[in-house]
Each structure stands twice: as structure tokens, then as C-alpha cells.
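Let's have the full structure, built from the sequences with the hints guiding it.
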Amino acid sequence: MFKVVHYLNQFFANIGGEEKAHIPPEVREGFVGPGMAFNNAFKGEAQIVATVICGDSYFAENTQDALKQIIEMVKKYNPDIFIAGPAFNAGRYGTACATIAKAVKDELGIPVVTGMYIENPGVDLYKKDIYIISTKDNAAGMREAVPKMAALALKLAKGEEIGTPDQEGYIERGIRKNYFASERGSKRAVDMLIKKIKGEPFETEFKMPIFDRVAPNPAIKDITKAKIALVTSGGIVPKGNPDRIESSSASKFGKYDIEGVYDLTSETFETAHGGYDPVYANQDPDRVLPVDVLRELEKEGKIGSLHRYYYATVGNGTSVKNAAKFGQEIAKELIADGVQAVILTST
Amino acid sequence: MVKEIERAGIPVVHMCTIVPISKTVGANRIVPTVAIPHPLGNPALSKEEEKALRRKLVEKALKALQTEIQEQTVFED
Numbered sequence: 001m002f003k004v005v006h007y008l009n010q011f012f013a014n015i016g017g018e019e020k021a022h023i024p025p026e027v028r029e030g031f032v033g034p035g036m037a038f039n040n041a042f043k044g045e046a047q048i049v050a051t052v053i054c055g056d057s058y059f060a061e062n063t064q065d066a067l068k069q070i071i072e073m074v075k076k077y078n079p080d081i082f083i084a085g086p087a088f089n090a091g092r093y094g095t096a097c098a099t100i101a102k103a104v105k106d107e108l109g110i111p112v113v114t115g116m117y118i119e120n121p122g123v124d125l126y127k128k129d130i131y132i133i134s135t136k137d138n139a140a141g142m143r144e145a146v147p148k149m150a151a152l153a154l155k156l157a158k159g160e161e162i163g164t165p166d167q168e169g170y171i172e173r174g175i176r177k178n179y180f181a182s183e184r185g186s187k188r189a190v191d192m193l194i195k196k197i198k199g200e201p202f203e204t205e206f207k208m209p210i211f212d213r214v215a216p217n218p219a220i221k222d223i224t225k226a227k228i229a230l231v232t233s234g235g236i237v238p239k240g241n242p243d244r245i246e247s248s249s250a251s252k253f254g255k256y257d258i259e260g261v262y263d264l265t266s267e268t269f270e271t272a273h274g275g276y277d278p279v280y281a282n283q284d285p286d287r288v289l290p291v292d293v294l295r296e297l298e299k300e301g302k303i304g305s306l307h308r309y310y311y312a313t314v315g316n317g318t319s320v321k322n323a324a325k326f327g328q329e330i331a332k333e334l335i336a337d338g339v340q341a342v343i344l345t346s347t
Numbered sequence: 001m002v003k004e005i006e007r008a009g010i011p012v013v014h015m016c017t018i019v020p021i022s023k024t025v026g027a028n029r030i031v032p033t034v035a036i037p038h039p040l041g042n043p044a045l046s047k048e049e050e051k052a053l054r055r056k057l058v059e060k061a062l063k064a065l066q067t068e069i070q071e072q073t074v075f076e077d
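Protein sequence lines correspond, in order, to chains U and W. Taking the working numbering as reference, the numbering of the first sequence is continuous, increasing by one, and the terminal residue is 347. Taking the working numbering as reference, the numbering of the second sequence is continuous, increasing by one, and the terminal residue is 77.
One or more of the hints may lead you astray.
[Claimed, not checked] Only part of the chain U face toward chain W is listed, based on derived beta-carbon distances under 10 Å:
| # | residue |
| --- | --- |
| 1 | Thr99 |
| 2 | Ala103 |
| 3 | Ala139 |
| 4 | Thr313 |
| 5 | Ala331 |
| 6 | Ser346 |
[What the hints assert, rightly or not] Derived lysine-lysine pairs resembling DSS-like cross-links, with alpha carbons at most 25 Å apart:
| # | chain 1 | residue 1 | chain 2 | residue 2 |
| --- | --- | --- | --- | --- |
| 7 | W | Lys60 | U | Lys221 |
| 8 | U | Lys302 | W | Lys60 |
| 9 | W | Lys23 | U | Lys225 |
| 10 | U | Lys239 | W | Lys47 |
| 11 | W | Lys56 | W | Lys23 |
| 12 | U | Lys105 | W | Lys60 |
| 13 | U | Lys302 | W | Lys47 |
| 14 | U | Lys325 | U | Lys252 |
| 15 | W | Lys51 | U | Lys239 |
| 16 | W | Lys51 | U | Lys302 |
| 17 | U | Lys227 | W | Lys56 |
[Claimed, not checked] Partial list, computed: chain W residues near chain U (C-beta under 7 Å):
| # | residue |
| --- | --- |
| 18 | Glu4 |
| 19 | Pro11 |
| 20 | Val58 |
| 21 | Leu62 |
| 22 | Leu65 |
Derived from the structure by calculation, the hints contain no laboratory data. No residue lacks a Cβ here, since even glycine has one placed at the ideal position from N, Cα and C.
This is the structure:
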């Protein structure tokens with residue numbers, strides 16, 4: 001029977017939510033939380049011998065140290081397989097799962113599998129390096145994700161041949177594999193062309209990578225004359241959240257007048273963000289949106305001015321499509337208002 | 001959002017704690033911050049020290065905006 005070590009965050013290990021996101025790595029014998037479903041899916045061929053748990057914020061803020069500790073914990077159990085998550089659309093968790101899985105693969109040389117939603121930032125970081133099963137964007141997808149992750153892990157442990165992303169359910173890694181096709185290239189190409197002309201679905205044999213990078217804009221020549229705007233994905237809103245920006249999967253952004261505001265206080269502003277411990281931001285929202293300091297710099301003539309409005313949304317499982325749309329709309333207004341530079345803060 | 005603001009032609013500096021995510025997202029000028037729940041503060045410090053820390057980080061962001069770059073750049077100390 002294969003020995004498995006499983007990685008979970010504080011939430012899936014039932015330790016707590018954001019208020020526990022700072023806990024350092026710990027290890028427990030046997031399975032925890034979703035580990036039970038994995039054990040069932042292994043059908044006696046493998047078993048979770050230990051579960052490593054770490055808080056999402058702790059891992060993100062102490063990555064190198066946490067990684068070292070976690071590798072040591074995993075090594076102690078001498079496992080045949082390492083499973084992380086699934087993390088769905090949780091950004092810190094997904095990044096942690098993928099970072100740890102890659103390190104375990106590289107340093108311990110055992111098969112690793114994780115699972116997450118296609119827009120999780122962990123995907124773009126490590127999809128080339130490891131197998132990431134494609135999941136739904138929330139934990140409701142657990143039941144679908146676990147059997148796929150377990151099946152792929154068993155195949156890897158047994159050294160069986162791994163099928164295509166479609167067959168196995170993992171996210172494309174950009175690896176090309178040679179195989180003998182039953183028909184020659186010219187025929188396949190003409191068939192594909194005919195399908196394309198007819199408007200029928202067809203599958204390319206050579207996907208082009210998508211690069212979406214924007215070149216840096218020229219630097220600001222004279223910052224003491226520039227009008228600077230603040231934008232945040234950290235959810236800082238006037239107290240009471242007048243626009244009702246959602247605490248996760250935000251569908252909108254807010255625009256708020258800060259004329260005459262020299263300091264954000266717990267009486268006037270708060271965070272609407274549901275993806276981090278709100279205590280510190282609610283005590284002093286300047287910790288996320290540095291209005292106090294920019295007002296000082298404005299007064300001292302170190303910047304031209306702070307734009308009258310700031311823009312805020314909640315970056316917590318927010319779809320890339322929505323975030324891009326917010327960015328476009330915000331930029332349009334900023335340009336119309338003559339803003340020359342933006343400071344964007346994220347939590 | 002960072003990328004779309006940059007694409008529209010406004011230089012933007014991203015202040016955030018998880019730099020790898022910022023890079024993946026496509027930010028060009030990146031200033032690493034303190035911690036996820038308080039990127040521009042540190043509740044363990046006194047009010048004055050905390051504000052000084054915040055000011056230092058914002059000044060670093062302003063410097064980033066005044067620096068010509070060709071590719072994604074993380075502005076460390």
C-alpha cells in the first residue's frame with residue numbers, strides 16, 4: 001500500500017478561518033478533513049499517513065522558512081505520494097499547494113498532485129512543473145475533484161502512463177508528446193480546415209501559448225507635479241460599505257471621495273474584504289490604503305496632489321474577467337480626471 | 001486591475017505582500033509590503049513607528065514610479 005502525505009490549510013483542517021491564517025506548519029498523524037474522502041478514493045491502494053497543516057498567511061509571508069519545515073515534516077514519513085489541497089479558487093492556498101508540491105517533487109523525488117480552479121494564481125505559477133487537477137471555484141467541487149486527484153496520484157505512483165489533460169482532468173502543462181497518428185499530417189490538416197470552414201468544433205494539434213503582458217509605461221518625470229490616485233483590491237470602503245461590495249467574488253468596485261480626509265480611522269472607514277483577518281485594517285484602514293502618508297507628502301510638496309477619489313474592490317476569488325473590467329473602467333475615469341500615476345495596494 | 005491600468009497608459013506601482021502573484025498578474029513595478037492583513041502597517045509597532053514604516057514604503061513606491069524600467073521589477077530595499 002502506498003503511503004501518502006496530505007497538505008491542508010487551516011480552514012480545511014478545521015482549525016479556523018482568517019483569524020487562524022497565521023498559524024505555522026504542524027503535522028498530524030493520519031488524515032484530517034478532506035483526507036477521509038481521499039482515503040476512500042484510494043480504495044485500499046494507498047493511505048494518508050500524515051497531514052501537514054499551515055496557515056495561508058503564514059505560508060505566504062514566510063515562504064522559505066515554512067517550505068523548509070514542511071519538507072522536513074513530509075520527509076519524516078517517507079511517503080510514496082504527496083497530495084496538496086484541493087485549493088479551488090483560494091489564491092494564497094493554491095499558491096502554497098503548488099509551491100510545496102513542486103518542492104516535494106524536486107527534493108524528495110516522489111509524485112505530487114494538487115487541484116485548483118483554472119484562475120487560481122497557483123496555476124500559472126506552477127502548471128508547467130506539476131499536475132494540477134482542474135476543479136470548480138469553490139469547495140462544492142470537492143466531490144468531483146478528489147477521485148480525479150486520487151486516480152492520477154495512484155497512476156503516477158505505479159509508474160503508469162499518464163493520459164492527456166482531457167483524459168485525466170489536469171490542467172495543461174504545455175508539454176508536447178510524440179505519438180503515431182493513424183492518418184498523415186496533410187490529411188489531418190485538410191480535415192481540420194474543412195471543419196473550421198463549416199464552423200464545426202475542431203482541436204488544434206499545436207496550441208500557441210497566450211502571452212498577455214503589458215510593457216511598463218515611462219517613468220514619471222516630476223513626481224512633485226503629478227496627480228496620484230489610490231486604488232486597492234483590499235476592500236477599504238466608507239464605514240457601512242455603502243455600495244455593498246461583496247466580501248468575495250466581487251461584482252463591482254466603489255469610487256469614494258476623500259476630499260478633506262487626512263486620515264482613515266476606524267470610525268470612518270473599514271474593510272469589506274472577506275479573505276483576510278479584518279482586525280488590523282478595521283483598526284486603522286491606512287494600513288491598507290495609505291491616505292495619511294500621501295496627505296503628508298502632498299502637504300510637503302513631495303507629490304503634486306492626491307486624486308480626490310480613490311477606487312476600491314475586494315480581490316477575493318474575484319474572477320479575472322471582472323477584475324480586468326474594473327481596471328479598464330477605473331483607468332478610463334482616471335485618464336479623464338488627469339491622473340498621472342497610480343498606487344495600487346493589495347492584501 | 002494593475003495590468004489594465006498600465007495598458008491604459010498610466011504608470012502604476014503595485015504594493016503587495018505576495019510578490020509571485022503580482023508577477024503572475026503582470027504588474028511591472030512591484031513594491032513588497034509587510035503582511036497580508038496589514039500590507040502598509042505593523043500593529044506590533046508604536047503609532048509613530050508604524051507611520052514612519054508606511055511612509056518609507058510609500059516613498060519607495062514613488063521612487064518606483066520615477067524609475068524607468070524595461071521589464072517587471074521588484075523594488076527591494
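Checked hints:
Interface restraint check: U:Thr99 against chain W, minimum CB-CB distance 8 Å, threshold 10 Å, status holds. Hint on U:Ala103 is violated. Least Cβ distance to chain W is approximately 13 Å, over the 10 Å limit. Interface restraint check: U:Ala139 against chain W, minimum CB-CB distance 21 Å, threshold 10 Å, status violated. A cut of 10 Å between beta carbons decides the hint on U:Thr313: the least distance to chain W is about 7 Å, and the hint holds.
The restraint placing U:Ala331 at the interface with chain W holds, with a minimum CB-CB distance near 3 Å, inside the 10 Å limit. Below 10 Å, beta-carbon pairs count as interface contacts, and U:Ser346 has one with chain W at about 4 Å; its hint therefore holds. Distance check on the hinted pair: W:Lys60 and U:Lys221 sit about 16 Å apart at the alpha-carbon level, within 25 Å; holds. Proposed proximity of U:Lys302 and W:Lys60 is supported: the alpha carbons are some 13 Å apart, at most 25 Å.
For the hint linking W:Lys23 to U:Lys225, the alpha-carbon distance of about 29 Å lies beyond 25 Å, and the restraint is violated. Annotation: proposed proximity of U:Lys239 to W:Lys47 holds, straight-line Cα distance about 22 Å (limit 25 Å). With a C-alpha separation of about 22 Å, the suggested pairing of W:Lys56 with W:Lys23 holds against the 25 Å cut-off. Proximity of U:Lys105 to W:Lys60 is assessed by CA-CA distance (about 37 Å); at most 25 Å being required, the pair is judged violated.
Proximity of U:Lys302 to W:Lys47 is assessed by CA-CA distance (about 22 Å); at most 25 Å being required, the pair is judged to hold. At most 25 Å may separate the alpha-carbon atoms for a hinted pair to count; U:Lys325 and U:Lys252 meet this at roughly 9 Å. Restraint check for W:Lys51 and U:Lys239: satisfied, since their Cα atoms lie roughly 22 Å apart, inside the 25 Å limit. Restraint check: the Cα-Cα separation between W:Lys51 and U:Lys302 comes to about 17 Å, which is no more than 25 Å; the hinted pair holds.
Under the criterion of a C-alpha separation no larger than 25 Å, the hint pairing U:Lys227 with W:Lys56 is consistent with the structure, at around 19 Å. Hint status for W:Glu4: holds, given a least beta-carbon distance of 3 Å to chain U, under 7 Å. A least Cβ separation of about 4 Å between W:Pro11 and chain U falls short of the 7 Å threshold, and the interface hint therefore holds. Interface hint status for W:Val58: upheld, as the beta-carbon distance to the closest one in chain U is roughly 5 Å, under 7 Å.
For W:Leu62, the interface hint holds, the least distance from its beta-carbon to any beta-carbon of chain U being 6 Å, beneath 7 Å. For W:Leu65, the shortest C-beta to C-beta distance to chain U is roughly 5 Å, which falls under 7 Å, so the interface hint holds.
Against the hints set out earlier in the document, violations occur for numbers 2, 3, 9, 12.
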